[in-house]
Amino acid sequence: MIGDFIDGPLWYLSLTVFLLGVVWRLVAILRVGVAPDFSTARHGGAGGALRTLFTRSLPRRPVFTRGKVQLIAGYMFHLGLFALLFLAQPHVEFISERITGFGWVTLPHWGFILAAEVAFAGLLLLLLYRLMNPVTRLISDTGDYTASLLVFLVMLSGCLALAQAYEGLRLLHLLLAELLLIYFPFSTLMHAFTFAISRGYTGAAMARKGVNA
Amino acid sequence: MYRPVSGTAILRLLQLLIVLALVVAGNLSAQTQAEGIQLPNPGTDLWREVRQRAQPATPGPTSPMRQAPGIDLWSEVQQTNPVPAGNTQVKSVDSGMLINPVGDQWRRFRMEMLVPYGGYVLGGALLLTLAFYLIRGRVPIHAGPSDKRLLRYTVYERMIHWFIAAIFLFLALTGLTMLFGRSLLIPLLGPEAFSLLASASKEGHNLFGPLFLLALALIFFRFVRRNIYQRGDLAWLLRGGGVIGSKHVPSNFFNMGEKSMFWMLVLVGGVTALSGIILVFPILGLGRELMALSHVAHGVTAMAMMVVIVGHIYIGSIGMEGALEGMATGYCDLNWAREHHDWWAEQCEQNGEVVSVEEAAGTEGFAQGAPKHAPLGETGK
Amino acid sequence: MARMKFYCDAERCIECNGCVTACKNENEVPWGVNRRRVVTIKDGVPGERSLSVACMHCSDAPCAAVCPVDCFYTTEDGVVLHDKDICIGCGYCFYACPFGAPQFPADGAFATRGKMDKCTFCAGGPKADNSAEEYRKYGSNRLAEGKLPLCAEMCSTKALLAGDADVLSEIYRKRIVYRAASSLQRGVSYQDATLRSPSGLTGRASSNE
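Residue numbers (our numbering), protein chains in the order written: chain A, 6 to 218; chain B, 48 to 428; chain C, 1178 to 1386.
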C-alpha cells in the first residue's frame, strides 16, 4: 500500500538523500576554500568567527529602522519552527523511535500549539512580504517559492493532523516532510547549515583585520 | 471601496437582523413551549392524597421531616438556572448538575436555526450577488483606464490584508465543513472520510482562530484612522452609494460602505474571535452555559461576516473594473480613483502624488514622495 | 424488542458510589473520565436525596442530533452508542446532553479533547463483540454475554436498576404504590418511620421489591 511505502522505503530514501545531500553540499562549499589573506592578522580568526556566529542572531540597530515587520515575523517563524520541530512531543517521539533511540524534554501541548501559532503567523507574513515587496519579489525565484510552499504545506498538514488519530493525516504530513527533506539540500533551505559557514567566515575575516563587526 | 454594493449591503444587514430576530423568537417560544408529557401512572392519585395530608391544616412552617419524599426533589433537579445544585465525588465541569437546562435550547439553536437559516442566508447572499452581477454587470471605469497611477496601499497594508484574507478563507471553509458537512458531505464522502476531513478542519480551525484575532488587530490599528466617519458619509448612505439614482456620490479614501464594513468586521469579527477563543479552552472549566452562548455568538457573527465578505470579494474582484489593482499592486488607476474616491484623488493630485504607469510598475512601494498616510518604506511603521 | 433503560430510585440510593467504582473497574475507563456519577441534592439538609446518573440512552438523543460527524447510533436494544473512529472530539454532545454523560479524556488548551467516552450500557461499541479492540475503546460488552450493566447489578440497595423499560417501569410502579400506601396507612411519610414507635402496621411498609 501507498502508506507502507510512505512510512517505509520513502522515509529511508528521503533521509538518505537529505543526509548525503547536505554533506555533499557542505563539502563542496568547504572545498572551494578561502582566498589567501596576505596581510598580518591583528587577532586570531577563531574567536571572531565564534562570536559572530551568535551575535549575528541579534538584529543591529539599523535593521530595526529598515522594517520591523519582516524582522519580527522572521524571528517568530524561525523560533516557532525550531520549537515545533525539536520540542513538540510527537516529533521527539518520532525522532527517538526512528533515529536517535533517545528522546528529550518536550513542550507541553499548549506550548506546542503556541509555537505553531507563532510560526504560522511568521511564515505567512514573510511569504506575503516576499510577494508584495518589489525588491524581494524581484530577487525571489521558483526555488524560494517552492521552499516556502513546501514548508508551509508541511506545517499545515501537521496542524491538520493534531488530533493524532488519523493514519491518513499522519501519512500526508510524513509524505510532505519527506518531500521537504529530499528538496532541502538542493535549495536555499541549506541556509540552515551554511549560515554557520558564512557567519564564521565573515567573523574570522573581520577579527583578523581588527574590525569590530 | 466599492460604492454600488452598499445598497445590497444594507439589504444583507436587514437579512441578518431578521435572522437574529428569528433566533430570539425561537428561544422565547422554546421557553413557553415547556409542556409536560402526561402518562398514566397508577400511583398518581395515591400521591396526591399523600401530598394533601402532608400539608399542615393550619398555615405555618412545615416540619422538614413531614415533607413527602421526592416531591421537592424534582423541582430541585429540574433546575432552571444553570448553577450546579448537587454535590458529587466526580470533579469535572458541571458534574454537580443533574439536568442541564441550556443543552436543549442550544441544540434547537444549532439544528433548527443555525444550520438551515445559515445555509439560506449564505446561499441567498451568493445568489443575490450573482443576480446583482447579471443585472448591473461589471462596473467599468467610465473614463477608461488611464496611464496615471496613485499609490493606494503600501506593502505592509497589502501584506496584512492578504494575511487576514487567507486566514479568513481558511477559517470559513473549515468552519462551514463542520457546520454543513453532516448534511452535505457525509453523503458524498462517507462517514470515515468525512470524519478525517472534519477532524482536520477542527484542528486547523482551532489553530488558525487566534491568528485571526492577531490579523484583525493589525488591520484595525493600520486602517482605523481612514475609517472614521466624516461629513458626506450620510449623503452617501442616503443615496445608497450611487445605486439609487445615476449621479455619482463623492467620497474620501474609503467610502461610507467600506467604513461600515470595516467597523462591522472589527466589532463582529472581534466577537467571533473572542467567542471562538472561549470555545477552544475547555480546560478553563467553563460551564456548558457559557460554552453554548459562545457557540451561538460565534455562529451568528461568523455567518454575518461571511455574508459581508461575499459582497466584499465580489466588488473587489469581478464586480468592479480597477478595484483589485490597488490591493494587488499597491497602485490604482487615476481615473478609477477619480470616479470612486474623488476627494482622495483630488488631494493626491494637489500634492503631486500622481505617477506614471512605468513608475508604478518599476518602483511600487518605493515611489518618490509617497502620500502622507503611507510613509516611505516597506513596512510603513 | 427490548428497550434498555436505567432507573435510579432516589428513595433507595445511599450514595455509596459503588456503581461508579463498578463502572470504572469493569470498563477500565481512563483517568478523569467518569461514565457514571452519583449526585446528591440538598446535601446535608433535610430532604437529601442521591441519584446515580450516566447516559440515559435517550430515545431521541440530543447528542446524536448535534454530532457534526454523525457518529451516534442506537442499537436494537435501544442503547445509544457511538463510533470512536468517527468521533472528532468537538464536545458538542457534551453541550447538548441534559445529563452531562459525554466525557473527554483530556480537556487541554486549544480544544484538545480526546475522543468522547460515555456509558455504553455495558454494550461495547461498533467493533466485533468482546474483541480486544472493542474492550480497549469502549470497555466491556456484558449485554452480548446476556448480562446487564455491572453498575446496576452491583447496586447494594437495588436503587439503580437496568434493563428492559417495561420491566423497570413495572418495578417502579410497584414501589411507588407501596410507598404511597404505607404513607397513607401511617398517616405520615414513610421517611418518618424510623422516628416513630412501631404502630403494629408492619409488613406493608417495606417494599416487596
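Accuracy of the hints is not assured; some may be wrong.
[To be verified] With a cut-off of at most 30 Å between alpha-carbon atoms, the simulated DSSO-like pairs for lysine-lysine come out as follows:
#1 Lys1219(C) with Lys1304(C)
#2 Lys138(B) with Lys1201(C)
#3 Lys1324(C) with Lys1335(C)
#4 Lys138(B) with Lys1351(C)
#5 Lys1314(C) with Lys1351(C)
#6 Lys1314(C) with Lys195(B)
#7 Lys138(B) with Lys1335(C)
#8 Lys1219(C) with Lys138(B)
#9 Lys1219(C) with Lys1261(C)
#10 Lys1314(C) with Lys1335(C)
#11 Lys1304(C) with Lys1292(C)
#12 Lys138(B) with Lys1261(C)
[To be verified] Here are the computed distance ranges between Cβ atoms for each label pair:
#13 Gln136(B) with Glu98(A): 29 to 39 Å
#14 Gly191(B) with Thr60(A): 54 to 64 Å
#15 Arg272(B) with Arg65(A): 48 to 58 Å
#16 Leu216(B) with Tyr80(A): 20 to 30 Å
#17 Ala1179(C) with Gly237(B): 29 to 39 Å
#18 Gln136(B) with Glu1205(C): 16 to 26 Å
#19 Glu1205(C) with Leu55(A): 37 to 47 Å
#20 Met6(A) with Glu1205(C): 28 to 38 Å
#21 Gly237(B) with Thr1198(C): 35 to 45 Å
#22 Ser139(B) with Phe107(A): 31 to 41 Å
#23 Pro192(B) with Phe10(A): 49 to 59 Å
[To be verified] Far from chain C, some chain B residues (derived; all Cβ distances over 12 Å):
#24 Leu244
#25 Gly369
#26 Met374
Note that these hints are calculated values from the structure, not bench results.
All C-beta atoms in this analysis are idealised placements derived from N, C-alpha and C, irrespective of residue type, glycine included.
Here is what the structure says about each hint:
Simply put, lysine 1219(C) and lysine 1304(C) have alpha-carbon atoms about 42 Å apart, too far for the 30 Å limit, and the pair is violated. With a C-alpha separation of about 15 Å, the suggested pair lysine 138(B) and lysine 1201(C) falls inside the 30 Å cut-off, and the hint holds. Between lysine 1324(C) and lysine 1335(C) the alpha-carbon distance is near 16 Å, which keeps this suggested pair within the 30 Å criterion. For a cut-off of 30 Å, the pair hint linking lysine 138(B) to lysine 1351(C) is broken: about 35 Å separates their Cα positions.
Of the supplied pair hints, the one linking lysine 1314(C) and lysine 1351(C) is violated, its CA atoms being roughly 38 Å apart against a limit of 30 Å. A threshold of 30 Å between alpha carbons decides the hint, and for lysine 1314(C) with lysine 195(B) the separation of about 68 Å lies outside it, so the pair is violated. A C-alpha spacing of about 25 Å is found between lysine 138(B) and lysine 1335(C), which places the hinted pair at or below 30 Å, so the restraint holds. With a CA separation close to 18 Å, the supplied pair lysine 1219(C) and lysine 138(B) stays within the 30 Å bound.
Distance check on the hinted pair: lysine 1219(C) and lysine 1261(C) sit about 37 Å apart at the alpha-carbon level, beyond 30 Å; violated. Distance hint between lysine 1314(C) and lysine 1335(C) is fulfilled; the C-alpha atoms sit about 29 Å from each other, no more than 30 Å. The straight-line distance between the Cα atoms of lysine 1304(C) and lysine 1292(C) is roughly 16 Å, inside the 30 Å bound, and the hint therefore holds. For the hint linking lysine 138(B) to lysine 1261(C), the alpha-carbon distance of about 24 Å falls within 30 Å, and the restraint holds.
The hinted range of 29 to 39 Å is satisfied by glutamine 136(B) and glutamate 98(A), whose Cβ atoms lie roughly 35 Å apart. Between glycine 191(B) and threonine 60(A) the beta carbon distance is about 57 Å. The supplied range of 54 to 64 Å therefore holds. For the hinted restraint 48 to 58 Å between arginine 272(B) and arginine 65(A), the CB-CB distance of approximately 31 Å leaves it violated. Range check, leucine 216(B) to tyrosine 80(A): Cβ separation about 26 Å, and the 20 to 30 Å hint holds.
Between alanine 1179(C) and glycine 237(B) the beta carbon distance is about 31 Å. The supplied range of 29 to 39 Å therefore holds. Take glutamine 136(B) and glutamate 1205(C): their Cβ atoms lie about 19 Å apart, and the range 16 to 26 Å holds. Our hint of 37 to 47 Å for glutamate 1205(C) and leucine 55(A) is violated, since their Cβ atoms are close to 56 Å apart. The supplied range of 28 to 38 Å is met by methionine 6(A) and glutamate 1205(C), whose beta-carbon atoms lie about 32 Å from each other.
Hint check: glycine 237(B) to threonine 1198(C), Cβ distance near 40 Å, so the stated range 35 to 45 Å holds. Between serine 139(B) and phenylalanine 107(A) the Cβ separation comes to about 36 Å, which falls inside the hinted range of 31 to 41 Å. The hinted window of 49 to 59 Å between proline 192(B) and phenylalanine 10(A) holds, with their beta carbons roughly 53 Å apart. With 12 Å as the threshold on Cβ separation, the claim that leucine 244(B) sits away from chain C is violated: the shortest Cβ distance comes to roughly 9 Å.
For glycine 369(B), the non-interface assignment is confirmed: its Cβ lies about 42 Å from the closest Cβ of chain C, beyond the 12 Å cut-off. With a minimum CB-CB distance of about 32 Å to chain C, methionine 374(B) clears the 12 Å threshold, and the non-interface call stands.
Checked against the numbered hints above, the structure violates hints 1, 4, 5, 6, 9, 15, 19 and 24; every other hint is satisfied.
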